[in-house]
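Chemist: As a plain string of letters, each chain reads:
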Amino acid sequence: MNIEKQKSAPIYEALERFRRQRVVPFDVPGHKRGRGNPELVQLLGEKCVGLDVNSMKPLDNLCHPVSVILEAENLAADAFGAAHAYFMVGGTTSSVQSMILTACKAGDKIILPRNVHRSVINALVLCGAEPVYVNPDVDAHIGIALGMELTAVEEAIRLHPDAVAVFVNNPTYYGICSDLRSIVELAHRFGMMVLVDEAHGTHLSFHEDLPVSAMEAGADMAAVSMHKSGGSLTQSSLLLLSAAVNTRYVEQIINLTQTTSASYLLLSSLDISRRNLALRGHESFEKVAAMAEYAREEINSIGGYYAYGKDLVNGSSIFDYDVTKLSVYTRDIGLTGIEVYDLLRDEYDIQIEFGDIGNILAYISIGDRIQDIERLVGALEDIKRLYAKSTQGLPGAEYITPIVACSPQKAFYADKASVPIRETAGRICGEFVMCYPPGIPILAPGEMVTREIVDYILYAKEKGCSMQGPEDGTLEYLNVLA
Amino acid sequence: MDFWFSEMHTHNVKMSIRVERQLFSGHSDFQRIDVFESEEFGRFLTSDGSVIFSEKDEFTYDEMIVHVPMAVHPHVRHVLVIGGGDGGVARELSYYDEIERIDVVEPDEMFVRVCREFFPDNARGLDDPRVTVCYRDGLRFLRGKHDEYDLIINDSTDPLGHTAGLFTKEFYGSCYKALHEDGIMVYQHGSPFFDEDEDACRAMHRKAYRSFPISRVYQAHIPTCPSGYWLFGFASKKYHPLHDLDAARWKARHLKTWYYTVNLHMGAFMLPKYVEDLLEEEEDRG
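Quick mapping for you: the protein sequence lines, in order, are chains A and B.
The opening position of the first sequence corresponds to residue 1 in the numbering used here, with each subsequent residue numbered one higher.
The opening position of the second sequence corresponds to residue 1001 in the numbering used here, with each subsequent residue numbered one higher.
Hints were generated in silico from the structure; no laboratory data involved.
All residues carry an ideal CB built from backbone N, CA and C; glycine is no exception.
Do not rely on the hints blindly, as some may be mistaken.
[What the hints assert, rightly or not] Straight-line C-alpha distance at most 35 Å; calculated DSBU-like pairs for lysine-lysine:
no.	chain 1	residue 1	chain 2	residue 2
1	B	K1237	A	K389
2	A	K410	A	K47
3	A	K310	A	K287
4	A	K310	B	K1177
5	A	K384	B	K1251
6	A	K47	B	K1014
7	A	K416	A	K105
8	A	K32	A	K228
9	A	K384	B	K1056
10	A	K310	B	K1145
11	A	K32	B	K1145
12	A	K384	B	K1256
13	B	K1251	B	K1145
14	B	K1238	A	K389
15	B	K1145	B	K1014
16	A	K105	A	K32
17	B	K1177	B	K1237
18	B	K1251	A	K287
19	A	K389	B	K1251
20	A	K461	A	K228
21	B	K1145	B	K1256
22	A	K389	B	K1145
23	A	K287	B	K1237
24	A	K416	A	K384
25	A	K384	B	K1237
[Stated by the list, open to error] Output of the computed footprint for chain B on chain A, the stretches with three or more beta carbons under 8 Å from beta carbons of chain B:
no.	region
26	266-280
27	311-325
28	468-475
This is chain B alone, in the form it adopts within the complex (with noise of 0.2 Å):
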């Protein structure tokens, strides 16, 4: 037998992953949810046929969105975590002592509990004490929240699809307002490389810079991902990404990760030359 999984990058470039079962398939209220096992990526996710996450390339992403913006602010207390039904940005946050509350809103339970079933090392983040699970729309959350967290992460993947209002300028105000004065966002920028994830990547940013004062991407190389290569956005009211590291005391807490470091942290930040210039485009146009 041969079966396969198959995601259309673009309408001309298909990724497949051989599975070997699939282990489950439902319809919430916001998505088509499927759950396979794969050879090569172990158990994967799938959100209306597009993989969300595999356990084989998860850590990269819930390390970079969690440990770059932790790195950088001194002292974060409130964190909300917009999307992270899986529960993995909330493990890797949990790592840190000096969280005292952890909000995680994310609108489909139904996505939580396969989680539950099928990723119980992701879904064990949502158990810690200090995180409460809040079924809702991230936009609807946000709303009438003024001076309430040093971080967010809006750990939603698809500009296009169920989660399209958290790419918007209503939902940047709404994070900006949000936040003390001196917090960060951090966010999934998509991926710039084929034409048709562009726009969303240009518009993302384009939003994002008029909404916070300093605003800065950063890369990662997520197989799974169209083209294999990611971006994430870092939001900030105060803390720069790069000159506000505080590389020792991060190093100090001793983390054990697989794809993060401080010195990786740098380099995240310096993009290749079509990156910076459509990125500078958008910062161009006012």
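The following block holds chain A by itself, in its conformation from the complex (with noise of 0.2 Å):
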């Protein structure tokens, strides 16, 4: 990383540039810098309404870009140690699909873990690929489902040599990381691009003691949350790629289903948040990861909480751990991590990331102070005090093999008919459902239906788990194929 050239930031400055200009629009947007929308300006500010322009010859166009956004581009590239970067506008879900459909034709069958982002699936649905499920291991103890394992990818890859890619999770939401350095050297072996949804390890790429980054491993793309850790604005993120994706083509993939008005406040995030993170990101994470230990330490202090980290790591299902995350099994106190979340939210003004049924998780950046850590400890500690139940067994996360029966695709847009739960074994599903916990889809669009799977919903569901996804939220009834 050229520490000199990181200290620019090209559309930022373009922007101010553009600004002193005081240029007469005659061009959209038609607030016109907020004059003919003054209840935005007041929301907003004068300033933030100013930049919002359209693309112009001193701005540059994310479509085709050619001057300052290629350059701050460049520049991402090189803080992130990628070949190539590109500045998404559609979240980083517009990313997931973006490396999707470069990697994979109508047919072409992706391995992937089965606790994928639902935005992997629904890209599935757009480009007609089939999946190919690899299992994950699930935590029996804090019931979470964790990363890929070498020797499942192995397997996986033997049973279906002609796979065009090998997707991974990296790290999860939970923090756990993948052997990701084996599994880019196994894939490449037998030909597959590797594809790293990097969403939650923006800042992977700034610290040496973090668990090593997707370009760093050699994966062929990745897409990540620049908003997440890296803080520029919400909806903004970057798609990286190595030297051997195909430019060319990555550009004309991304141009199907990108706006052609990209916002320059998304943009000049971006841009002001990769010289930040460029330039003082190690620092940054290092109290990031700092405070995330602090707290670990003081909740697990308290007593009935378990907030883990390295000590989960096992080499394979755990290789690594990303310390900068704080989750927190909470079941041991009797209540739920989503019973936590709320008393935290409504009782002490603290709002976390989210809770599900046994853990929280708590979300630490680099805007954080230790005095709103000691906060969040000191109301761990009242709830347990004033809330804290005798404990009850968690239903056991149980992983059934899925059964693709047709791609998402043409599930998709197959006739469906809403059908009683207990009649749908041996029809295809046309919806998701989600357990939580672990998190993984019991089912997603185009897989069989089983008597095991009925029975496991059935179950899970008296247990108290939380079923997420079907267009009946009770699930009493379930979409198939008609």
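Two chains, each in its own frame: build the complex with the hints.
Modeler: In structure tokens, the structure reads:
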């Protein structure tokens, strides 16, 4: 990384130059620097609406960058150790979609962990590729889905040597990392691309003590949520490429679905955040990791809570752990993660990222201060004092190997019927069924419903698991192919 | 030369004090601290641009937050002061011989250092042999403390700034736990007058009311506070601030005060109707 060059922020600087020129706008957006919409100015501020401008010569164009956006993308590529970087304005969902649409055509097979983000399956609906799922290991105590085991990827490749790509979530929401270097080496040996959903790992490129990043591990493409740990505005994201990927083709893919009116608020936030990460990321993430570690120690000393960290690492399904994450298992005080999540918000004015049946996840970032950590720890202690109950067992998190009967695309477009759940065995599912915990889909569009799956859904529902995805929220009925 | 310090009390109300000179300006890990010399208020200290106290009116505040609970609780031995790095509260406490231990927990070392240098009269409170100053976050200090104190004084003023953690349910819960079974907690309750401050004031009462069996609010006139009108909270496990006031006992101490008297003690709990109303509304929320 060239630190001297990283000190510039081409899009930001171009916007500053443009602002000083006081150009009279006879183009879109129609609010004309906010003058046509005073309430919006009141809410967002003059400076903010003044920067909401159209693509034009001095500001470049995201659909075909040749000047300041291209320079900013090149700086981002350098900062993240990638050959190419693309600024994305449709969220990391658009980065994930672009990866899958680049790697797969209709009928191609792609190897995925079962606990992928919905955006991945949705991308398969768009392109018509077929998923080959790899069974993620589930931790029996804390009940979360873990990383992708090398042996499981090997097995999937052996059974499906015609697959074109391997897709990896790294790190997971909870901070679990897979053995990315070995997976890349293995997949490349069989001529498959490696796509990494690095939505929760923007920071990995900026500190040597953190788990290896996708680009460093040799992956072909990575989707990076700059707006998560990178500090940019919500909905802005990066798509990173290694030198092995054809950039012309990727650009065509991106432009299939990308807006032609990209927001300069998002673009400049990516530019400024990249500069900040390059210049101060190392120092910032050192602080974030130290804060998370401190929080872990303090939470564990309360008793009853289990804030896990590197102690989970087992060399395979938990190859490494991202210590900037703060996940806490709460069941031993008799409360579900969802209950603790609600108490924190309703009673303590603390909003955390999420709670599932067994865990809560608090997002620690460069914006946090130690006194806020003290509040979180203090609140958890107070919750234990006031609300702890006797513990009840968690329903066992089972994994049922899916039978892919048709592609997600075919299932998505097929005629469907709503059928009582008990009568769905033998039918092909037309929608998602997710069960928390452990947050792995039980059914995805195109998969065969079996008696075993129906029994498991009924059991998990009875045990109080949260079932998500189906049109019928109570899951009395399921949409299956007609 | 016309040199003024201004503090925005709301977006539309500004309090300004003519300044003779600035004595100190510095950034700690927690706040920006400035000290000014003025004709009207003497020296005054600001945190992130808000007046924390001035030589002219600090007595009101220090006396009201110390003598009110001390005149009620019959046997205070162990006191915890959260914040209070200027020493004013410790100084008032030091007049009571029966107190055995005063723990002052202040996260910001620079704040203490600056107060010692520019406000030696307050800071002498910290030199009493019964006082231990601990540079720590208040919530962190309270964690794991159980049944240790007779009186906890939350001397932090800003529910929105770096001391926000000391105006939360978890803080009140931690105090409840750290107090003996007949303990009292007093705290800064903010100012109820301007709309912007009202919400914070309501939230504080709601949290304390739910955390302690007895929770009353009392008032004082402090010119440098927003609208000049300031409230304190009295949260208690056993003693009522008026029914359990032992006026004769307090008078017999012959303490020299400038604001507090036992008569004023009773009057301070008689609140204006609009304040009573907003507090009752929060109590009714259950």
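Chemist: Each of the hints needs a verdict: does it hold here or not?
Modeler: For each hint, the structure was consulted:
1. B/K1237 <-> A/K389: Given that 35 Å is the threshold and the Cα spacing comes to 24 Å, the pair holds.
2. A/K410 <-> A/K47: violated, 48 Å
3. A/K310 <-> A/K287: holds, 17 Å
4. A/K310 <-> B/K1177: Between A/K310 and B/K1177 the Cα gap is close to 33 Å, so the pair holds against 35 Å.
5. A/K384 <-> B/K1251: Judged against 35 Å, a Cα distance of about 43 Å means the pair is violated.
6. A/K47 <-> B/K1014: Roughly 25 Å between the alpha carbons, so the hint for A/K47 and B/K1014 holds.
7. A/K416 <-> A/K105: holds, 25 Å
8. A/K32 <-> A/K228: Distance of about 31 Å is within 35 Å: holds.
9. A/K384 <-> B/K1056: violated, 44 Å
10. A/K310 <-> B/K1145: holds, 29 Å
11. A/K32 <-> B/K1145: Given pair A/K32, B/K1145 is violated - Cα atoms ~59 Å apart, limit 35 Å.
12. A/K384 <-> B/K1256: With Cα atoms ~45 Å apart, A/K384 and B/K1256 exceed 35 Å; violated.
13. B/K1251 <-> B/K1145: holds, 33 Å
14. B/K1238 <-> A/K389: holds, 27 Å
15. B/K1145 <-> B/K1014: violated, 41 Å
16. A/K105 <-> A/K32: violated, 42 Å
17. B/K1177 <-> B/K1237: holds, 11 Å
18. B/K1251 <-> A/K287: violated, 53 Å
19. A/K389 <-> B/K1251: violated, 49 Å
20. A/K461 <-> A/K228: Status holds; Cα separation ~32 Å.
21. B/K1145 <-> B/K1256: holds, 34 Å
22. A/K389 <-> B/K1145: holds, 22 Å
23. A/K287 <-> B/K1237: Roughly 40 Å separates the two Cα atoms, so the pair is violated.
24. A/K416 <-> A/K384: violated, 47 Å
25. A/K384 <-> B/K1237: This hinted pair holds, its Cα atoms lying about 20 Å apart.
26. 266-280: Answer violated; 0 residues pass the 8 Å Cβ test.
27. 311-325: violated (count 0)
28. 468-475: Since three or more residues must qualify, the claim that chain B covers the region 468-475 of chain A is violated, with 0 doing so at under 8 Å.
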